[in-house]
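Colleague: Put together the whole structure using the sequences plus the hints.
2 protein chains.
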Amino acid sequence: MNDTFLKACRGEDVPYTPVWLMRQAGRYLPEYQAVRAEVDFLTLCKTPELAAKVTLQPVDKLNVDAAILFSDILIPVEAMGMHLSFSDKRGPILSEPIRNKSGVDRLLIPDTEDAMPFVIETIKILRKELEKKVPLIGFAGAPFTLATYMIEGGSSKNFLHTKKMMFQNPGLFHSLMDKITTTVTLYLGTQIKAGAQAVQLFDTWAGVLTPEDYKEFEFPYIKRAVAELKKEGVPIIYFANECAGLLKEIKKTGADVIGVDWRIDLREAIKRLGKKVAVQGNLDPCALFLPKEKIGERVEDILWKGEFAKGHIFNLGHGILPETPVENAITMVEAVHKYSRT
Amino acid sequence: MNDTFLKACRGEDVPYTPVWLMRQAGRYLPEYQAVRAEVDFLTLCKTPELAAKVTLQPVDKLNVDAAILFSDILIPVEAMGMHLSFSDKRGPILSEPIRNKSGVDRLLIPDTEDAMPFVIETIKILRKELEKKVPLIGFAGAPFTLATYMIEGGSSKNFLHTKKMMFQNPGLFHSLMDKITTTVTLYLGTQIKAGAQAVQLFDTWAGVLTPEDYKEFEFPYIKRAVAELKKEGVPIIYFANECAGLLKEIKKTGADVIGVDWRIDLREAIKRLGKKVAVQGNLDPCALFLPKEKIGERVEDILWKGEFAKGHIFNLGHGILPETPVENAITMVEAVHKYSRT
Numbered sequence: 011m012n013d014t015f016l017k018a019c020r021g022e023d024v025p026y027t028p029v030w031l032m033r034q035a036g037r038y039l040p041e042y043q044a045v046r047a048e049v050d051f052l053t054l055c056k057t058p059e060l061a062a063k064v065t066l067q068p069v070d071k072l073n074v075d076a077a078i079l080f081s082d083i084l085i086p087v088e089a090m091g092m093h094l095s096f097s098d099k100r101g102p103i104l105s106e107p108i109r110n111k112s113g114v115d116r117l118l119i120p121d122t123e124d125a126m127p128f129v130i131e132t133i134k135i136l137r138k139e140l141e142k143k144v145p146l147i148g149f150a151g152a153p154f155t156l157a158t159y160m161i162e163g164g165s166s167k168n169f170l171h172t173k174k175m176m177f178q179n180p181g182l183f184h185s186l187m188d189k190i191t192t193t194v195t196l197y198l199g200t201q202i203k204a205g206a207q208a209v210q211l212f213d214t215w216a217g218v219l220t221p222e223d224y225k226e227f228e229f230p231y232i233k234r235a236v237a238e239l240k241k242e243g244v245p246i247i248y249f250a251n252e253c254a255g256l257l258k259e260i261k262k263t264g265a266d267v268i269g270v271d272w273r274i275d276l277r278e279a280i281k282r283l284g285k286k287v288a289v290q291g292n293l294d295p296c297a298l299f300l301p302k303e304k305i306g307e308r309v310e311d312i313l314w315k316g317e318f319a320k321g322h323i324f325n326l327g328h329g330i331l332p333e334t335p336v337e338n339a340i341t342m343v344e345a346v347h348k349y350s351r352t
Numbered sequence: 011m012n013d014t015f016l017k018a019c020r021g022e023d024v025p026y027t028p029v030w031l032m033r034q035a036g037r038y039l040p041e042y043q044a045v046r047a048e049v050d051f052l053t054l055c056k057t058p059e060l061a062a063k064v065t066l067q068p069v070d071k072l073n074v075d076a077a078i079l080f081s082d083i084l085i086p087v088e089a090m091g092m093h094l095s096f097s098d099k100r101g102p103i104l105s106e107p108i109r110n111k112s113g114v115d116r117l118l119i120p121d122t123e124d125a126m127p128f129v130i131e132t133i134k135i136l137r138k139e140l141e142k143k144v145p146l147i148g149f150a151g152a153p154f155t156l157a158t159y160m161i162e163g164g165s166s167k168n169f170l171h172t173k174k175m176m177f178q179n180p181g182l183f184h185s186l187m188d189k190i191t192t193t194v195t196l197y198l199g200t201q202i203k204a205g206a207q208a209v210q211l212f213d214t215w216a217g218v219l220t221p222e223d224y225k226e227f228e229f230p231y232i233k234r235a236v237a238e239l240k241k242e243g244v245p246i247i248y249f250a251n252e253c254a255g256l257l258k259e260i261k262k263t264g265a266d267v268i269g270v271d272w273r274i275d276l277r278e279a280i281k282r283l284g285k286k287v288a289v290q291g292n293l294d295p296c297a298l299f300l301p302k303e304k305i306g307e308r309v310e311d312i313l314w315k316g317e318f319a320k321g322h323i324f325n326l327g328h329g330i331l332p333e334t335p336v337e338n339a340i341t342m343v344e345a346v347h348k349y350s351r352t
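Keeping their order, the protein sequence lines are chains A and B.
Sequential numbering of the first sequence, starting at 11, is according to this note's numbering.
Sequential numbering of the second sequence, starting at 11, is according to this note's numbering.
In case anyone wonders, no lab produced these hints; they're calculated from the structure.
Here the structure is a predicted model, which means the values were calculated and not measured.
Glycine included, C-beta positions come from ideal geometry on N, C-alpha and C.
Where hints are given, some of them may not hold.
Unchecked claim - On the chain A side, residues computed to face chain B include the following (Cβ under 7 Å):
1. 117
2. 177
3. 220
4. 255
5. 273
6. 296
7. 300
8. 302
9. 303
10. 349
What the hints assert, rightly or not - DSS-like mimics (lysine-lysine), calculated; alpha carbons at most 30 Å apart, straight line:
11. B:56 to A:167
12. B:285 to A:261
13. B:315 to A:167
14. B:285 to A:258
15. B:262 to A:315
16. A:17 to A:99
17. B:285 to A:304
Modeller: Dropping the structure here:
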């Protein structure tokens, strides 16, 4: 198996810089669109053969160094007892958003194996299919990010309901975060036992917090989840979007790899993160709309900066956009492999 | 006149920290809602008596140390020849978005005095009304932020059309930025001549750029506008939202005051900005939903951090939210005045 990715996560020597793309299994791929034309998004997530199929699609096509489980961060939220649906216009919708104590009390801490057997099954299929290829990354939404969806009932602009609960009833907010963290930790534990060889915590919305609020309302939960999961012995990646103001805290989470979004210079980020963690990132997803030769230049620049970290996994600074030309994603992966060898 | 605000902009000694709020004339005020019930948003912007009226509403009610002209950043874009409208759901809409050379060529560089006489008139009314009260701030959108609206045709999530033009046709993008910068500079010059005692450049979307792209595609235009406007002798404030990763560049714009959003610790921001500029900010707008005593604590913390800068103007880290309880905004202003005196 190509273990470049796992080695880079641990900061070990690698012959070249490994690369994968957040949302690499997704709408920019015609093969993915073909599958989605037949089934809705949630059915796809919950049908192991299909979820495994779309997980594998980018692996050969893009020649990436890791696969990531196809699923959605809100799947365990559904297992906690909320009703989840997806609207083409509004994105995810969680009906009866959590706004008070009875809402928090009603939430279950699910038996993650029993509640999400399809995830275990998908991972088992994938490990077999990927045996001589690349490692499989499992993932979950970070507690604060999941809390925002649960409290807002979906996406949000200002996260006012979330912050209102945080500010006006911090005890209640903490009890919600506690339940989510327990669930997420169990869920990632289940993924690892099923065969995930690394796991990533996606903190899409951490960046809407002041550093002070991040420290009080999210950091302790990330630290706890990471400490618990480290016992399983696989690399833990923590990606917080819009992280530029939070790196001083993020450094202390204990994660093996810190994902960095594109809004900060990678060299700057590494300076603030120090020598004890590997980094992952951080090409602007829109840079895949550059002319091909320019993509190479940007890749080279980021590779050069990544050299200063304990380890570097190349990635985008956020998910690949649905409009991205596939050949440009391929160009990017080729450039990472080519330039990092020299 | 209370000149605390102007003194703080220049880094001079002040008896207390001055404060104003971005969007302080706006939907959270019942008096503003009453005016808006009678006229639509664009008519309000273009009717001097009414625009002056809503500008003045928060001055006494909140006891802030500066007034800011009520207008919209897209007003000069309309003067450049684009058709502007506002939708309650989608926000601003610019029909026929700029996507190619003929679009850029079609844009006028307006005679800003002739094209926007209502702005001059509003400022003249306001200076009379504010004579023994507080200074008047004029404003404009920063070139990149205006470019995003002009290219996207309105608000955007990923700014893909903007970045596509930047990346695929940088020459065209630069020629658009050149035209916008000329217009914005003329427009702010007109405001200053009419009586604005300071001006702020609002760069709402600068934070979606990588530091490298900011340096190439926005920084030179900010620097040029600032250099030109400095000749007028009034303080120039530059507010870039989501600035945490960009401060190294922002430091060099030449602006007298740098506005800082809430996603970075103000002490950290000041460290990176150095001793030559004053700062403005940076309370999370959602912190106005805290219990009143907690608002005081946050204000105190930010005031303490602001002490490290050449000058500090207290403000929110972005515009006040429409849902904000007015009494909490008043509490905030009182707390700034009270704690900064001691």
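Colleague: Quickly compare the C-alpha distance for residue 285 of chain B and residue 304 of chain A to 30 Å and report which way the hint goes.
Modeller: Roughly 37 Å between the alpha carbons, so the hint for residue 285 of chain B and residue 304 of chain A is violated.
Colleague: Are residue 262 of chain B and residue 315 of chain A close enough, with their CA atoms no more than 30 Å apart?
Modeller: Roughly 23 Å between the alpha carbons, so the hint for residue 262 of chain B and residue 315 of chain A holds.
Colleague: Take the shortest C-beta to C-beta distance between residue 302 of chain A and chain B; is it under 7 Å?
Modeller: violated, 11 Å
Colleague: Residue 255 of chain A was flagged as interface toward chain B. Is the shortest Cβ-Cβ separation under 7 Å?
Modeller: holds, 4 Å
Colleague: Holds or violated: the hint that residue 220 of chain A contacts chain B, with Cβ atoms closer than 7 Å.
Modeller: Holds - the Cβ of residue 220 of chain A comes within 7 Å of chain B, reaching about 5 Å at its closest.
Colleague: Residue 56 of chain B and residue 167 of chain A: Cα distance at most 30 Å?
Modeller: OK: residue 56 of chain B and residue 167 of chain A at ~28 Å, within 30 Å.
Colleague: Take the C-alpha atoms of residue 285 of chain B and residue 258 of chain A, compute the straight-line distance between them, and say whether it is at most 30 Å.
Modeller: holds, 22 Å
Colleague: Can the hint on residue 349 of chain A be confirmed by a CB-to-CB distance to chain B that is less than 7 Å?
Modeller: violated, 17 Å
Colleague: With a cut-off of 7 Å, does the beta carbon of residue 300 of chain A approach a beta carbon of chain B closely enough for the hint to hold?
Modeller: Since chain B brings a Cβ to about 4 Å from residue 300 of chain A, closer than 7 Å, the hint holds.
Colleague: May I ask you to test the interface hint for residue 303 of chain A with respect to chain B, counting a Cβ-Cβ separation under 7 Å as satisfied?
Modeller: Constraint on residue 303 of chain A not satisfied, violated at 12 Å.
Colleague: Using 7 Å as the Cβ threshold, decide whether residue 273 of chain A counts as touching chain B.
Modeller: Result: holds, 5 Å to nearest chain B Cβ.
Colleague: Go through the hint on residue 296 of chain A and say holds or violated, using the shortest Cβ distance to chain B against 7 Å.
Modeller: holds, 4 Å
Violated hints, in rising order: 1, 8, 9, 10, 16, 17; the structure is consistent with all others.
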